[in-house]
Amino acid sequence: MLNFDVIVSSLPLYFNGTLVTLKLLLVALAVGLLFAIPLAVLRASTNPWASRPVWLFTYIFRGTPLLVQLFLIYYGLAQFVWVRESVVWPMLSSAWFCAMLAFAINTCAYTTEIIAGAITSTNHGEVEAARAMGMSPVTLYRRILLPSALRRSLPAYSNEVIMMLHGTSIASIVTLLDITGAAREVNSRFYLPFEAFITAAAFYLALTFVLVSLFHLAEKRWLVHLAPRT
Amino acid sequence: MLQGFLPSLIEGAVTTLSVAVCSLLIAVMLGLLGALMKLSRSRLLWGLATTYTTVIRGVPDLVLMLLIFYGGQLAVNELAPKLGFKDVIDINPFIAGVTTIGFIFGAYLTETFRGAMMAVPPGQREAGIAYGMTPAQVFLRIVFPQMVRFAIPGFTNNWLVLVKSTALVSVIGLSDMMNRAGLAAGTTREPFTFYLTAAALYLIITTVSVLLLRFLEKRYSLGVKVIAL
Chain A
-17 MLNFDVIVSS
-7 LPLYFNGTLV
3 TLKLLLVALA
13 VGLLFAIPLA
23 VLRASTNPWA
33 SRPVWLFTYI
43 FRGTPLLVQL
53 FLIYYGLAQF
63 VWVRESVVWP
73 MLSSAWFCAM
83 LAFAINTCAY
93 TTEIIAGAIT
103 STNHGEVEAA
113 RAMGMSPVTL
123 YRRILLPSAL
133 RRSLPAYSNE
143 VIMMLHGTSI
153 ASIVTLLDIT
163 GAAREVNSRF
173 YLPFEAFITA
183 AAFYLALTFV
193 LVSLFHLAEK
203 RWLVHLAPRT
Chain B
11 MLQGFLPSLI
21 EGAVTTLSVA
31 VCSLLIAVML
41 GLLGALMKLS
51 RSRLLWGLAT
61 TYTTVIRGVP
71 DLVLMLLIFY
81 GGQLAVNELA
91 PKLGFKDVID
101 INPFIAGVTT
111 IGFIFGAYLT
121 ETFRGAMMAV
131 PPGQREAGIA
141 YGMTPAQVFL
151 RIVFPQMVRF
161 AIPGFTNNWL
171 VLVKSTALVS
181 VIGLSDMMNR
191 AGLAAGTTRE
201 PFTFYLTAAA
211 LYLIITTVSV
221 LLLRFLEKRY
231 SLGVKVIAL
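Those protein sequence lines, which keep their order, are chains A and B.
First residue of the first sequence? That's -17 in my numbering, and the numbers climb one at a time after it.
First residue of the second sequence? That's 11 in my numbering, and the numbers climb one at a time after it.
For the record, the hints were derived by calculation from the structure and aren't laboratory data.
You may find that some hints are simply not true.
To be verified - What follows is a set of in silico ranges between Cβ atoms, one per label pair, in the way DEER data are often shown:
| no. | chain 1 | residue 1 | chain 2 | residue 2 | range |
| --- | --- | --- | --- | --- | --- |
| 1 | B | 55 | A | 205 | 28 to 34 angstroms |
| 2 | A | 106 | B | 14 | 37 to 43 angstroms |
| 3 | B | 16 | A | 38 | 21 to 27 angstroms |
| 4 | B | 225 | A | -13 | 54 to 60 angstroms |
| 5 | A | -13 | B | 145 | 48 to 54 angstroms |
| 6 | A | 37 | B | 125 | 25 to 31 angstroms |
| 7 | B | 94 | A | -13 | 45 to 51 angstroms |
| 8 | B | 95 | A | 103 | 56 to 62 angstroms |
| 9 | A | 37 | B | 235 | 29 to 35 angstroms |
| 10 | B | 142 | A | 204 | 49 to 55 angstroms |
Stated by the list, open to error - Examples of chain A residues toward chain B, derived with CB under 10 angstroms:
| no. | residue |
| --- | --- |
| 11 | 46 |
| 12 | 69 |
| 13 | 72 |
| 14 | 126 |
| 15 | 129 |
| 16 | 130 |
| 17 | 144 |
| 18 | 147 |
| 19 | 166 |
| 20 | 178 |
| 21 | 180 |
| 22 | 190 |
Stated by the list, open to error - In silico negatives: residues of chain A with every beta carbon more than 12 angstroms from chain B:
| no. | residue |
| --- | --- |
| 23 | 9 |
| 24 | 24 |
| 25 | 62 |
| 26 | 107 |
| 27 | 174 |
| 28 | 183 |
| 29 | 201 |
Computed from a prediction, not measured in an experiment: that's the story for all the values here.
Glycine residues also receive a C-beta, built at the ideal position from the N, C-alpha and C atoms.
Isolated chain A, as found in the complex:
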């Protein structure tokens, strides 16, 4: 049977790990979303000079593993002398910052595609009505396209957030003590793999359920106009 004494005595390690996981997740999501909105507007543009470069960015970052992206930033950039001599080097040599940066870029690429998809699938009648009212392109985006597209992105975005939560587990590979890092620590200290990793799995499962219910609430608040009528 599972050794519960070890699990209970290592709970503080797991709770600290949860804080690291959540901090990584929230910072990465916030930064990613911040850049994803303008990029999605460019991506949805009919001008190829605007949409193609963004397409290339999302294509590359969605087509390669997050682990490679993390290694390129954390181990890879040190190859260049000019990076090591630059002012940003203290940040780039920190595992925390590199993990955050890699996760932010990765989630930015996925979120850009989600929002761009929602923008292009907007009902054309809404856009025509806005134009007929004499809205400028900026007003059209601010009042019509973005509020509606961001709401319709919620279901797909909740999937992305869950994927990102699971993605943060690879931060443990670059020595960060997130939930998975805590589990690896416990496993190497006591050699009790079942206790160590099942506890971590329970923590992730709990976080997943919390996030899913938060998104349910958000959909009730902002997507209720699209809910099936009963």
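Using the hints provided, position chain B relative to the given structure of chain A.
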């Protein structure tokens, strides 16, 4: 080119691809089984399959992989002497990686296949039963060929995520593409060059898969009317 490390990276790519393909085979089996269980009338089977998909999709791949790799090793170490094996048995990282990834993506494919099975009109299944086919025949001859078309878009997504997940097997010591890139990076002190090459190889794999699956989707949609908008 690449200071002679290219052949090693290509070998790693072959390992990556074989891990991906072998785990896909396991995942497809589990996915079909899971979807049939979820759609069955038995509450027990439904409950089992639902627990499987909920738990697996709520936990990161890496945690499950470490659990199966280290936990499996411990279980083998404790069981083997009881069963009369005297030598130490090491868990093969290839088998550990393939079973874990197959087990994880079986859960994702369960959902994909369940949706696809539900998209086949029920009249098709009923007609099969009316002809006196056994449930197995109805599935193999009627439902399966028609569900492929509905399953391909979701399947493509699952496969792309699966290929990218295989990068994690390097953590449990399999000499896949990531592992080879890491070795080359350590020897030459040029990590950026080699991880970038690995990234490019992953991009090639994902691009080719998308093109192939798009072709397959067209093939399975032959004779289906496209709605003109």
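Here is how each hint holds up against the structure:
1. For the pair residue 55 of chain B and residue 205 of chain A, the supplied restraint of 28 to 34 angstroms holds, since their beta-carbon distance comes to about 33 angstroms.
2. Between residue 106 of chain A and residue 14 of chain B the CB atoms are about 57 angstroms apart, so this pair departs from the stated range of 37 to 43 angstroms.
3. Distance hint check: the CB atoms of residue 16 of chain B and residue 38 of chain A are about 25 angstroms apart, consistent with the given range 21 to 27 angstroms.
4. The hinted range of 54 to 60 angstroms is satisfied by residue 225 of chain B and residue -13 of chain A, whose Cβ atoms lie roughly 57 angstroms apart.
5. Separated by about 50 angstroms at the C-beta atoms, residue -13 of chain A and residue 145 of chain B satisfy the suggested range of 48 to 54 angstroms.
6. A hinted range of 25 to 31 angstroms for the beta carbons of residue 37 of chain A and residue 125 of chain B is consistent with their spacing of about 28 angstroms.
7. Against the hinted window of 45 to 51 angstroms, the Cβ-Cβ separation of residue 94 of chain B and residue -13 of chain A comes to about 32 angstroms, which falls outside the hint.
8. A beta carbon spacing of about 59 angstroms between residue 95 of chain B and residue 103 of chain A agrees with the range 56 to 62 angstroms that was offered as a hint.
9. Distance hint check: the CB atoms of residue 37 of chain A and residue 235 of chain B are about 30 angstroms apart, consistent with the given range 29 to 35 angstroms.
10. At about 52 angstroms, the CB distance of residue 142 of chain B to residue 204 of chain A agrees with the hint of 49 to 55 angstroms.
11. Contact between residue 46 of chain A and chain B, as hinted, is supported at the beta carbon level, the nearest pair being about 4 angstroms apart and thus within 10 angstroms.
12. Look at residue 69 of chain A: its Cβ only gets to about 20 angstroms from chain B, farther than 10 angstroms, so that hint breaks.
13. For the restraint placing residue 72 of chain A at the interface with chain B, the shortest Cβ-Cβ distance is roughly 19 angstroms, beyond the 10 angstroms limit, so the hint is violated.
14. Interface restraint check: residue 126 of chain A against chain B, minimum CB-CB distance 22 angstroms, threshold 10 angstroms, status violated.
15. The interface hint given for residue 129 of chain A is violated, since its Cβ lies 25 angstroms from the closest Cβ of chain B, which is over the 10 angstroms cut-off.
16. Look at residue 130 of chain A: its Cβ only gets to about 20 angstroms from chain B, farther than 10 angstroms, so that hint breaks.
17. At a threshold of 10 angstroms, the smallest CB-CB gap from residue 144 of chain A to chain B is about 8 angstroms, leaving the interface hint in force.
18. At about 8 angstroms, the closest approach between the beta carbon of residue 147 of chain A and any beta carbon in chain B falls short of 10 angstroms, and the interface hint on this residue holds.
19. At a threshold of 10 angstroms, the smallest CB-CB gap from residue 166 of chain A to chain B is about 7 angstroms, leaving the interface hint in force.
20. Evaluation of the residue 178 of chain A hint against chain B yields a held restraint, the C-beta minimum of about 8 angstroms falling below 10 angstroms.
21. Taken as an interface hint, residue 180 of chain A checks out: its beta carbon lies about 7 angstroms from the nearest beta carbon of chain B, inside 10 angstroms.
22. Checking residue 190 of chain A against chain B: minimum C-beta separation of about 4 angstroms stays under 10 angstroms; hint holds.
23. In this structure residue 9 of chain A is separated from chain B by more than 12 angstroms, as the shortest Cβ-Cβ distance comes to about 18 angstroms.
24. Its beta-carbon lying about 22 angstroms from the closest one in chain B, residue 24 of chain A satisfies the requirement of being farther than 12 angstroms from that chain.
25. For residue 62 of chain A, the non-interface assignment is contradicted: its Cβ lies about 7 angstroms from the closest Cβ of chain B, within the 12 angstroms cut-off.
26. The beta carbon of residue 107 of chain A is kept farther than 12 angstroms from every beta carbon of chain B, the shortest such distance being approximately 14 angstroms.
27. Not every CB of chain B is more than 12 angstroms from the CB of residue 174 of chain A (nearest about 8 angstroms), against its label as outside the interface.
28. A cut-off of 12 angstroms between C-beta atoms contradicts the statement that residue 183 of chain A is not in contact with chain B; the least separation is 4 angstroms.
29. Here residue 201 of chain A stays apart from chain B, with its beta-carbon at least about 19 angstroms from theirs, past the 12 angstroms limit.
In summary, the numbered hints that this structure violates are 2, 7, 12, 13, 14, 15, 16, 25, 27, 28.
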